[in-house]
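A.B. asks: Listed below, chain by chain, are the residues.
There are 4 protein chains.
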Amino acid sequence: MKIRVGFEIVHTFWQPTPLLAMLNIHPSREHDLLTPDTIVSEPHVPISVYLDDFGNLCSRMVAPPGDFALRADALVADSGEPDVVQPEAEQHAVEDLPDAALIYLLGSRYCETDRLVEQAWRLFGDGPTGWARVQAIVDYTHERIEFGYGHARSTKSAYEAHEERKGVCRDFAHLAVTLCRCMNIPARYATGYLGDIGVPKDPAPMDFSAWFEAYLGGRWHAFDARHNRPRIGRIVMGRGRDAADVALTNVFGPNQLKSFTVWADEVAA
Amino acid sequence: MKIRVGFEIVHTFWQPTPLLAMLNIHPSREHDLLTPDTIVSEPHVPISVYLDDFGNLCSRMVAPPGDFALRADALVADSGEPDVVQPEAEQHAVEDLPDAALIYLLGSRYCETDRLVEQAWRLFGDGPTGWARVQAIVDYTHERIEFGYGHARSTKSAYEAHEERKGVCRDFAHLAVTLCRCMNIPARYATGYLGDIGVPKDPAPMDFSAWFEAYLGGRWHAFDARHNRPRIGRIVMGRGRDAADVALTNVFGPNQLKSFTVWADEVAA
Amino acid sequence: MKIRVGFEIVHTFWQPTPLLAMLNIHPSREHDLLTPDTIVSEPHVPISVYLDDFGNLCSRMVAPPGDFALRADALVADSGEPDVVQPEAEQHAVEDLPDAALIYLLGSRYCETDRLVEQAWRLFGDGPTGWARVQAIVDYTHERIEFGYGHARSTKSAYEAHEERKGVCRDFAHLAVTLCRCMNIPARYATGYLGDIGVPKDPAPMDFSAWFEAYLGGRWHAFDARHNRPRIGRIVMGRGRDAADVALTNVFGPNQLKSFTVWADEVAA
Amino acid sequence: MKIRVGFEIVHTFWQPTPLLAMLNIHPSREHDLLTPDTIVSEPHVPISVYLDDFGNLCSRMVAPPGDFALRADALVADSGEPDVVQPEAEQHAVEDLPDAALIYLLGSRYCETDRLVEQAWRLFGDGPTGWARVQAIVDYTHERIEFGYGHARSTKSAYEAHEERKGVCRDFAHLAVTLCRCMNIPARYATGYLGDIGVPKDPAPMDFSAWFEAYLGGRWHAFDARHNRPRIGRIVMGRGRDAADVALTNVFGPNQLKSFTVWADEVAA
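Those protein sequence lines, which keep their order, are chains A, B, C and D. The opening position of the first sequence corresponds to residue 1 in the UniProt record's numbering, with each subsequent residue numbered one higher. The opening position of the second sequence corresponds to residue 1 in the UniProt record's numbering, with each subsequent residue numbered one higher. The opening position of the third sequence corresponds to residue 1 in the UniProt record's numbering, with each subsequent residue numbered one higher. The opening position of the fourth sequence corresponds to residue 1 in the UniProt record's numbering, with each subsequent residue numbered one higher.
So that you can see chain A by itself, here it is in the shape it has in the complex (with noise of 0.2 Å):
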């Protein structure tokens, strides 16, 4: 399968201002790239990147003052097959796990593992290990928080979430990721593009997406709280401890968002 991916963002600066951008397709699918996955900025402005230290691949600027336009469009092969469910994956004792995952138990930003931890045993210490653990607390998030646009705050986190129990996709994977390291899975926050290939087409104007990994039976898995179903053409962009390692970009200055668009389509053999 080839999906067609990209995005054309605009902003508005009022002097010179710095700026980190994570939109480039994460470097774990280079070799799925059929056409140059390039950054082009209107007006041109010089871009440096880097890989930051959890392998993803940022792009670094000075916008000048006025509108800004970021645009990239790319097309990207697919093997086309749904999220692997893998139930028989195990949950690792923590002294089995490879030290490189430990920071992913560790509470971040967005993901109070202190503030939750009492509540997580609560809900699944007992019940199942593993694979089918990490599915318990998918449906929980899943039935905890309500879906909503306008629930969208910068500031929130897992514990806010739970409590408020109103989200965007970041916020159930904050909740997850949070409820998931509670019970000693490794779990790291996950966006990208996820186009509507194999589901209905969602009104609602396209954006990047959030989802979670889950550390299990040797590997990272993809989950997805919100949508709570294997999705086909997740394109991943960037991994983190959560949201705050991962913003799309960072702008060192005032600015205003001027308009928003992203694109993951499927794209006619």
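Just so you know, these hints were derived from the structure itself, not from any lab. In this text, all values refer to a predicted model and were calculated from it rather than measured experimentally.
A partial selection of chain C residues facing chain A, derived with a Cβ cut-off under 10 Å:
1) L33
2) L51
3) D99
Taking lysine-lysine and the DSBU-like style, the derived pairs with C-alpha atoms no more than 35 Å apart in a straight line are:
4) K201(B) / K258(B)
5) K166(D) / K166(C)
6) K156(D) / K166(C)
7) K258(A) / K2(A)
8) K2(B) / K201(D)
9) K166(B) / K166(A)
Note that the Cβ used here is the ideal one computed from N, Cα and C, for glycine as well.
Please build the complex by placing chains B, C and D on the supplied structure of chain A, with the hints as guidance.
C.D. replies: Chains B, C and D alone, transformed into the frame defined by chain A:
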């Protein structure tokens, strides 16, 4: 100058319990170790070590049920110089920062930059930049928070410490780190030994200390918002985004802290 | 397309012997794993895993005396697309390369840039840059070296392969990598599965394959100096500066390789 | 003790030339900097910095045509203690080494472990392990190689130095590193300032020095196969697998070294 540092920490466990410890002297002080800095457990268990993403030396072990002691005792060479003061150290424009410093501009578990950014700019936006700005943040934090061991709370964040106006050394560090980041100065949390060298003896039982580092003039500088004066003999153990990254121990199971002793004393040459 | 990949490797040891293995599919293909990619040993020993500095998934174990088998067998989703050809991909000026790419300009164990730099500039200095330059290097390497399994030697370097004009796939990769680096194009060594998919069946027993990646137009592209044609179904296991970084096994003691089988076959959907 | 260190290096270029420099004091000595360790160029060009995978502080710049000088001059606090000698430091079994140390067992550009492993076992296989084994390797290297500035060759490897029996400090380090690795002791190359402190003044013009570090008893220890005695005042600039990783400058274009001065002197308190 030679400084003898060490600790004894005893936990009680009721079942075999995985444990992460960040109790070694930081690798950046390895060349100053005059005797080995070896962590020994009683009863003896195998301890494996790894470096985390921040360069800290971490230990993993599984503690058996019963009382479990961790101890270390080492002799460290030190220049005996107080923290360097470099008022001419300049603040870098965001676009001139090295890539690796950028993560220390973002929010983290206990440093909610998104909740303090307006306050930070109100307080420090009109003042000087660079070293003087960090010093102004240190002064503000030092005044804002009243120190008291009774004010410790493991879930307390910078925002909460700012509201409650009470805290311990980690809260001073978190608040100053957060304000620096809001003002586009990379700042990171540091923890380690800080004995009463060159200052009157603190009558309270000795504990590990927390301070912070700010990136100015092309390097990281130590600042201490609790003491607000240059100190002699800081021996760093861990550095990270905040206390969530550098917990001295992370225990994965029920436990009770039975005793806790820390020392850091100048030794006669 | 689905590809079934796996191996069985049997060593004989005479004493307990520590072993490093880089025999998992690379984490960048984790999202394509339709079944677990678990390494199993016979007799069973505990295997611990870690990520090295290049992002490869490595395994550590201690093999007991006697015959010791390592096996894996996994089903992998693949786009079925041949290696991307992007002749317009440009060479970056050295000053525009991301920091993380710079290490792939330097010399390494089997890639003696210092010994081939003059030759490289004589051959490719007047030609085109970017994709065409890498293709010219691939063509030259493909012509220069005569392939033959009898020409394998574990200590053979790019310089030696160039002199001797004989080698196996790793020598093709080393020479092309070295020449690219000499011409200021970051290049890294890659190894993994490459089945006979879309090409006539190779009558020789299947082995793991080695190829290389060059950094052009903002991303890494796969090139194969041995086959010198786009191939379908590369499944990368390891990437590094050269073969020294990505040995499939590093055995720390006397041993004998008893048997070795590798497979990578398209599976009917 | 305070040590004043610095350098002036002047190249001549004929065209704008990208340059990598590893000329800062290593971040592990940051806390000892009493004055800024800033690299200044003449004519002035922008210099950007980054940390490489080994934790070294690297600088990037583009030098203009003509004479181009790089200078630094800093005051560094030092304990004044000679290199620590710890004869009881044990060699770790390979299976007990931390993951991050394993890369320092493998071959690298100038350290061909595969070509020296048999020789190493013949020489050191029957002797003691741990500290005494490293000291035996240092003694052997110190005797094996005759020092002389005329013996420097940028392509010279450990194997070649062993055969030719002549070399400079980097060859001593490469040979000792290689032999340690062959004996399963992680070893890495180090370079930096080493003034004539506590030893008779060397009449030769001062240069940067190379030594090595071996991993014993849970930490890295400095050894110096050229001088074969504990020294005072080593100030490390770079660490890596061998000299290929820590070249003080990597110049991407034709150039001529016009002058070169280094200093490292004890300063009266």
